[in-house]
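Following the hints, position chains D and W against chain F.
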Amino acid sequence: MGKVVGLIVVVLVAMLAATTTASGRERVAAACADNVIHPGTLTVGTDNPAFPPWFGGGAAKGSTWKINDPSTGKGFESAVVYAVAKKLGFTRANVDWVYTPFAKSYAPGKKSFDLDINEISYTPARAKVVSFSASYYDVNQAVVVRKGTPIAAVRSKAGLRKYKLGAQLGTTSYDYIATHIKPSQKPAVYQQNIAAVSALKNGQIDGLVVDLPTSFYVTAVQVPNSKILGQFPTAARGEHFGMVLAKGNPLTACVNRALASLRKSGQLKRIQQTWLGKAAGAPVFR
Amino acid sequence: MTSALVLEGVRKSFAKNEVLRGIDLDVAEHEVVCLIGASGSGKSTLLRCVNLIEPIGAGRIFVAGEEITARGVDANRVRRGIGIVYQAYNLFPHMSVLRNVTLAPTRVLKLRRADAQHRALELLERFGLADKADDYPDRLSGGQQQRVAIVRALAMRPELMLFDEVTSALDPELVAEVLEVIRELAASGMTMLIATHEMSFARDIADRICFLDDGVILEQGPPDELLSRPREPRTQQFLQRIIEAGRL
Amino acid sequence: MAGQGGRGTGLPLEPAPVSRRSRILDLGDGRGGVSIAVVSTLLVFGALVLLITHAPGWPEVKKTFFDWGEFKDSFPEIAHAFKLNVKIFCIAEVFILAIALLLAVLRSLPGPVFFPLRLIAIVYADFFRGVPTILVIAVLGFGAPALALQGIPTSTTFWGIVALVLVYTAYVSEVYRAGIDSVHPSQDAAARSLGLTRFQGLRHVILPQAVRRVIPPLLNDFIGLQKDTALVGFLGAIEAFNQSQIDAAATFNYTPYLAAAVLFVAITIPLARFTDWLILRDRRRRQASGVAA
Numbered sequence: 073m074g075k076v077v078g079l080i081v082v083v084l085v086a087m088l089a090a091t092t093t094a095s096g097r098e099r100v101a102a103a104c105a106d107n108v109i110h111p112g113t114l115t116v117g118t119d120n121p122a123f124p125p126w127f128g129g130g131a132a133k134g135s136t137w138k139i140n141d142p143s144t145g146k147g148f149e150s151a152v153v154y155a156v157a158k159k160l161g162f163t164r165a166n167v168d169w170v171y172t173p174f175a176k177s178y179a180p181g182k183k184s185f186d187l188d189i190n191e192i193s194y195t196p197a198r199a200k201v202v203s204f205s206a207s208y209y210d211v212n213q214a215v216v217v218r219k220g221t222p223i224a225a226v227r228s229k230a231g232l233r234k235y236k237l238g239a240q241l242g243t244t245s246y247d248y249i250a251t252h253i254k255p256s257q258k259p260a261v262y263q264q265n266i267a268a269v270s271a272l273k274n275g276q277i278d279g280l281v282v283d284l285p286t287s288f289y290v291t292a293v294q295v296p297n298s299k300i301l302g303q304f305p306t307a308a309r310g311e312h313f314g315m316v317l318a319k320g321n322p323l324t325a326c327v328n329r330a331l332a333s334l335r336k337s338g339q340l341k342r343i344q345q346t347w348l349g350k351a352a353g354a355p356v357f358r
Numbered sequence: 119m120t121s122a123l124v125l126e127g128v129r130k131s132f133a134k135n136e137v138l139r140g141i142d143l144d145v146a147e148h149e150v151v152c153l154i155g156a157s158g159s160g161k162s163t164l165l166r167c168v169n170l171i172e173p174i175g176a177g178r179i180f181v182a183g184e185e186i187t188a189r190g191v192d193a194n195r196v197r198r199g200i201g202i203v204y205q206a207y208n209l210f211p212h213m214s215v216l217r218n219v220t221l222a223p224t225r226v227l228k229l230r231r232a233d234a235q236h237r238a239l240e241l242l243e244r245f246g247l248a249d250k251a252d253d254y255p256d257r258l259s260g261g262q263q264q265r266v267a268i269v270r271a272l273a274m275r276p277e278l279m280l281f282d283e284v285t286s287a288l289d290p291e292l293v294a295e296v297l298e299v300i301r302e303l304a305a306s307g308m309t310m311l312i313a314t315h316e317m318s319f320a321r322d323i324a325d326r327i328c329f330l331d332d333g334v335i336l337e338q339g340p341p342d343e344l345l346s347r348p349r350e351p352r353t354q355q356f357l358q359r360i361i362e363a364g365r366l
Numbered sequence: 009m010a011g012q013g014g015r016g017t018g019l020p021l022e023p024a025p026v027s028r029r030s031r032i033l034d035l036g037d038g039r040g041g042v043s044i045a046v047v048s049t050l051l052v053f054g055a056l057v058l059l060i061t062h063a064p065g066w067p068e069v070k071k072t073f074f075d076w077g078e079f080k081d082s083f084p085e086i087a088h089a090f091k092l093n094v095k096i097f098c099i100a101e102v103f104i105l106a107i108a109l110l111l112a113v114l115r116s117l118p119g120p121v122f123f124p125l126r127l128i129a130i131v132y133a134d135f136f137r138g139v140p141t142i143l144v145i146a147v148l149g150f151g152a153p154a155l156a157l158q159g160i161p162t163s164t165t166f167w168g169i170v171a172l173v174l175v176y177t178a179y180v181s182e183v184y185r186a187g188i189d190s191v192h193p194s195q196d197a198a199a200r201s202l203g204l205t206r207f208q209g210l211r212h213v214i215l216p217q218a219v220r221r222v223i224p225p226l227l228n229d230f231i232g233l234q235k236d237t238a239l240v241g242f243l244g245a246i247e248a249f250n251q252s253q254i255d256a257a258a259t260f261n262y263t264p265y266l267a268a269a270v271l272f273v274a275i276t277i278p279l280a281r282f283t284d285w286l287i288l289r290d291r292r293r294r295q296a297s298g299v300a301a
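Protein chains in written order, with the numbering used here: chain F, 73 to 358; chain D, 119 to 366; chain W, 9 to 301.
Treat the hints as calculated values from the structure; they're not laboratory data.
Note that the Cβ used here is the ideal one computed from N, Cα and C, for glycine as well.
Treat each hint with caution, since some may be false.
Covered by chain D, according to a simulated footprint, are these stretches of chain W (three or more residues, beta-carbon under 8 Å) [unchecked claim]:
hint, region
1, 186 to 195
2, 202 to 212
Below 20 Å or equal to it, Euclidean Cα-Cα: the simulated PhoX-like pairs (lysine-lysine) are [to be verified]:
hint, chain 1, residue 1, chain 2, residue 2
3, F, Lys200, W, Lys91
4, F, Lys299, F, Lys273
5, F, Lys176, W, Lys71
6, F, Lys258, W, Lys91
7, F, Lys319, W, Lys71
One-sided and incomplete, this derived list gives chain F residues near chain W with beta-carbon spacing under 7 Å [as the list claims (entries may be wrong)]:
hint, residue
8, Tyr178
9, Pro180
10, Gly181
11, Ala197
12, Gly242
13, Asn274
14, Lys341
15, Arg342
Pulled out of the complex, with its shape left as it was, chain F reads as follows (with noise of 0.2 Å):
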């Protein structure tokens, strides 16, 4: 009995799974994996540390990787990387990751990587220079506070503008703390998301604006009494990352059919509630 609906299982999901005949899946599968820059695997690029949500299961010791080692699979990004490239036809041990800081993603010349995964929002600009995949989540910006200060009192948009905000470079926080929130204080940029915290612990800044869920890593465990104030509303087109590949790769095409495909059958929720479950639970700001 078992061994029937077994059967009927795999041939109904085939029969869903399947919107080209068997061997134009292979065919599709085997033109993706062309386009990598070593044959065979799957090279993907992330900054180090490898900060929690994003990455998760720790890193051993004496490995190169901080906090977390991004090919244990665990953490959101890392569980969407595996799953985007289990759909391109690599096993997870063709799954190679590579060191590659914010600033390099975006150097001109040849990647070093196929595609790269580091919470990079997508921008029209941006998309000039790279090409982006599509959203494989859609972000919303919070503001982390210290307990007890003034700043803690803030209910409104509004009431933030007269405090000093920091935001690390290169994420869309900065962009979205010049342009929607509007302070009076010119903020801070920090280059690394250590910098960043520090100067919240030390009261060098009365907030951090970070995508939400950096926001439950930072006051979970990086600054010790702090709690997110709230979240900003997401915008009418709203603010998503993307993966980062060379301008023009086809690899590009493959990537967003490979995450239709998780949206379409629900694993990308899964990996989400999973890994960010929290992250719906800040009060929105007024």
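Same frame as chain F, now just chains D and W:
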């Protein structure tokens, strides 16, 4: 009458090298004493010990009866009363001649600027350098520079003047004008201790000549005695070399 | 003028007069030499330009680094941020010049009684020249406020200035020390012999000469300081380099870096010419003639 300057058993070493090995010298007021001797015999060192630029290793020095090498003596005060002119690099190149001369009177003697300038111009006038007052040292000839150096020392109205081979670095034709100044000073009664190679000059001007050899005053006496009838063999050797070099 | 120095004066020999133009532009003697130099420079430069612009990656590099539109867009903001750099190095340099001079003087005090002071000066100079500037900035800029002591400012500009002052004072004190050492010891003897105190000797005789001699290396260190103000961006302050990073990250284009570079170079050039003028003016005054020597 108190001696102007007394050195008692003065010793001085630089690291392991003992340059002054027990100097005894007594200079009376208004006396002109010339020091002669080979290079390295200690003439410069002796002079620098007298005005406390170099601390002595042993012995005592008295200026106008005061023991200047005693503990707690203010060396700056002592130096006000002693003028010294070195062989070279005397003048301050970043100041005009006038400023060179008035610097110490204004800063040390606390004279008003106008008074210091008046004194300076008087002295410069006396030695024929008044027209150089606003020039910078590098526009002067070597002889003029040394004469200004003498004027600068005199502006402090010292009781004792020391001269450390002041003409040795000059071109020969410039030597005479400097010696002329020293002659005039001697004639005016200044107590002077002069280290020099100029033997004819020494013979003319000195009341007494001291021959320094290997850190001690080997022989001393009035010029005609020492220069014509030296007693010590080493003095004779030294003078012989000078004569052969045509400088006596 | 030539030959004023030399034996008999105790001063260094002055070089024979050269024409004003060739001295300032340093073109070397004779017309023949000049044209060869010019032609060969043009040839080498031309060859380099050809090589670069025909490289396969040139169009992409050109767009990434030399995009005129990007330059125009980012320049105003970067210029505005540059004001912070100017503020930092102007304030810092005042303190550096003063404290470094003090340190160099301490180091020059002779005798066993001053040994502790000399030791402090030596240890200070060794340490702050050895440690990378960015570390000092990071440790002070984040560490000091973290102590949460009453009265300690948290301003990143403040700590950036303090860090730069600490580091550059070490370098500049060595420059001063070289200057002081280069003044002939007889100058000190002459000053002291007149009855001037050690302090008076330093103030009126030694230091005026010493400082004049080291104006070029002092300028060098000042220029280095101007560039190192960019490190204060690590503390979050939006100075020119940080601003150019923000713009670059927003558009994935490096041209804003070029815009920042242009600003840094732009202030260096007038400063260098000003220093040349200072040196020339001092020399002229000493030669007391209106004609360039």
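Contradicted hints - numbers only: 3, 14 and 15
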